[in-house]
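Assemble the complex: chain A is given as a structure, and chain B must be docked to it using the hints.
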Amino acid sequence: MTLNRVARWLAFGLAAGAAWLAFSAPAQAIPLFARQTGHNCAACHISFPELTAYGREFKLNGYTFGEAQPLPLAFAVMASYTKVSDNTDHSSGAVLCDGCGTAHIDQASLFFGGKLSENIGMFGQYSVAHTGPGEGAYAASEDNTEFRWVHRFSSGDATLEPDTVVGLNLNNNLTMQDVWNAVPQWRYPWFPESQGGFGPVAAPFIDGPDANGAIGPQRAVGIGAYIWWHKTVYAELSCYRKPWGPFGWLVNGAGNNSQAVTQPSDVIQNCAPYYRAAYSRDWGYNSFEVGIFGIHANTFYDSAALNSAQTQNFNDYAIDTQYQYNKGEPWIFSGAASFIHETSGIQPLFQNGQSSNANNNLSEFNIKGTAYYQRQYGVSLGYTSITGSSDAILYGQGSAGGSATGSPASNFWDMELNYLPLQNLRFTLSYTAFTKLNGGSSNFDGLGNNASGQNTWYGAIWWAF
Amino acid sequence: METNMTRNAPRAAAKIVTGLALVLMATFASAEDAAAPPAAAAPAAPAAPMAGWQPAPGSPEAKQEAQLAPARATLLEGKWCSACHGYNGRSVAPTFPVLAGQSAEYLATQLRYFHNLNQDDRAVTHETQFDQWLINITGWRKVAGYRYEDAPRNEERAWDFMKGVARDLDEPTMQALAEYYSKQTPIAGRPAAKGDVARGKTLYLEGDAAKGLLACQMCHGPDAKGQGPIPRLAGQHADYVIVQLRAIQTGIRAVDQMQALIANLDEADFAAVAAYVQTLN
Chain A
7 MTLNRVARWL AFGLAAGAAW LAFSAPAQAI PLFARQTGHN CAACHISFPE LTAYGREFKL
67 NGYTFGEAQP LPLAFAVMAS YTKVSDNTDH SSGAVLCDGC GTAHIDQASL FFGGKLSENI
127 GMFGQYSVAH TGPGEGAYAA SEDNTEFRWV HRFSSGDATL EPDTVVGLNL NNNLTMQDVW
187 NAVPQWRYPW FPESQGGFGP VAAPFIDGPD ANGAIGPQRA VGIGAYIWWH KTVYAELSCY
247 RKPWGPFGWL VNGAGNNSQA VTQPSDVIQN CAPYYRAAYS RDWGYNSFEV GIFGIHANTF
307 YDSAALNSAQ TQNFNDYAID TQYQYNKGEP WIFSGAASFI HETSGIQPLF QNGQSSNANN
367 NLSEFNIKGT AYYQRQYGVS LGYTSITGSS DAILYGQGSA GGSATGSPAS NFWDMELNYL
427 PLQNLRFTLS YTAFTKLNGG SSNFDGLGNN ASGQNTWYGA IWWAF
Chain B
890 METNMTRNAP RAAAKIVTGL ALVLMATFAS AEDAAAPPAA AAPAAPAAPM AGWQPAPGSP
950 EAKQEAQLAP ARATLLEGKW CSACHGYNGR SVAPTFPVLA GQSAEYLATQ LRYFHNLNQD
1010 DRAVTHETQF DQWLINITGW RKVAGYRYED APRNEERAWD FMKGVARDLD EPTMQALAEY
1070 YSKQTPIAGR PAAKGDVARG KTLYLEGDAA KGLLACQMCH GPDAKGQGPI PRLAGQHADY
1130 VIVQLRAIQT GIRAVDQMQA LIANLDEADF AAVAAYVQTL N
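Quick note, the sequences are listed as chains A and B, same order. Per the numbering used here, the very first residue in the first sequence carries number 7; after that it's consecutive. Per the numbering used here, the very first residue in the second sequence carries number 890; after that it's consecutive.
So that you can see chain A by itself, here it is in the shape it has in the complex (with noise of 0.2 Å):
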């Protein structure tokens, strides 16, 4: 209770901050790369995180643009409200989200990196965060981090101008090293903690945790190779395996989770090759991007004892899509697309009465638009669309939340809208409008919760510097 109240006035006090920059004075000091660079936010960003053109070439080429900072460190506040709906479970009469309908501090982050040398750039985020959307605990850990090393040379004539770079990569986030927001990891909605209430039970592997078995944001350490080549074509080969030695420090806690063995467990067995390739082009002010990505994992069953015998297999396969108008004066107008489809092997599972199939399917679909006006008004909307083959027991039949069908198809929209008064701060409103969840939209688990109560409200402040 008194980390409550102590989280209120904080979130007060920086609601009341952040008001007072927005009309008193502009800040200055803007975060690590624009303070390396010389940049403004708008170079890089249509807004934080979606990258422009130019943003796409500077993290290419390893956040190596700009002068290497004394004191490369950057610091981003994030404050939010969260209103569900029905705030209830039917199923017991329970609330739902206890925290929701209270103003609180959901992430506060350190960025550090930067450029290191002329070859070496990296990006940097440890961060304390909400546990979950109520005024759960707060948690620290390491956030989306990655080192890159990068090369460039000229392909063809020795007169032309270096025009390919060739880069390595090591990251802990799936798809974080990905520049185009049509990826998982920085794809629209860019707010994913707004839900309160209860979700998708179904994701794919590539994109986070769930009941599936997927592994969570920062629990797997990726190694790759890329290439860039005339702006057109982009290539990258990686591998994605548990942290080891040197590496655990990049994910939470000490690498391998401590989930009870009765879970699927998010322990990768050997390396998971992550493959992209995308084509890319850019005319006039205009951008688009077309491009493939997947990765195969196998993942051990029991966390803890790592059997081999025991591991489950995941197969993503997707296509992706983006196009961009960035003219600026006064609109930019994005777009993106993604179709990500799943083959699942859970033998184990299935063994030991977790699920009932042996094997399954799940495919989703995101796609979003955004426009933005004098780069300080926006306007996005999203629409997502998860179907897949009915598994009863995996999906969470006869539980709250859970699919009374089995099925896992979702459908849901996120409308948001944007004012930045500086480039760093930005008020954030959003709505997130659940059409069908878990096979249903009335009474979808069977225990009376239906899909449009978990629609959910959400502002909030997000503040650089």
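These are calculated hints, taken from the structure and not from any lab test. In this text, a Cβ means the ideal position worked out from N, Cα and C, and glycines have one as well. You can trust all of the hints, since none of them are fake.
Derived pair list, reagent style DSS-like, types lysine-lysine, alpha-carbon separation capped at 27 Å: (1) K1072/B - K968/B; (2) K333/A - K1083/B; (3) K1100/B - K1114/B; (4) K442/A - K89/A; (5) K1114/B - K1090/B; (6) K333/A - K968/B.
Chain B is nowhere near these chain A residues, computed Cβ spacing over 10 Å in every case: (7) L116; (8) A283; (9) H302; (10) L435.
Frame of chain A; chain B shown alone:
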């Protein structure tokens, strides 16, 4: 010339490494800026000396500097510059002007202007006490962020991008870059999406007495190739030209010689003359 520069880059880089200690020592000896790059981060590629540092004329450092600048320029354009202005200064997006074949004197002048924006008090008038405190305790470089309503709308790009790029460039590097781009092959003329080309041609070659416009070609040349401080316009992105014309007309971009001349032109005139110059080779 540029061919040699590129081909010799590795050798030049090797020379640079050996010469780097000297340059760095000179840099640190005169560095008042807390943000001097730490020696540990000293890269194999040449780091630009601190702004304001000038070797004594005729000194060994000056000679070294003269030798380093072209290689440094090559390395620089291989990274930052081409990210927006395209390979060899042939940009794709009209947000960023074509640099290939542009007048060297004009390019150097512009780079100096962007560089000096960082020193310009007007660029950092909105520093809050909090910012000053942060800068003082951290040694962070100043970033002239701006409130959206303060930003000179038509010069946003210069503020967003070029101010930072030119921040840490020294005079020899700026001159070498300007030289380099002036020698690249310009983009061929191409039709524009909007604007009355015939009207633009008339405006460009003959002016418009009723609107007080002298012929553009009087300064920019009949082929729009520019010279000396007068920029080349032939093949430049029409949209970029329009944005600049607006900025000059409203005084946001200070070009005294032109402001009065184009005072009575309207958007259709801008589009027409911009479309015309984009068609020129």
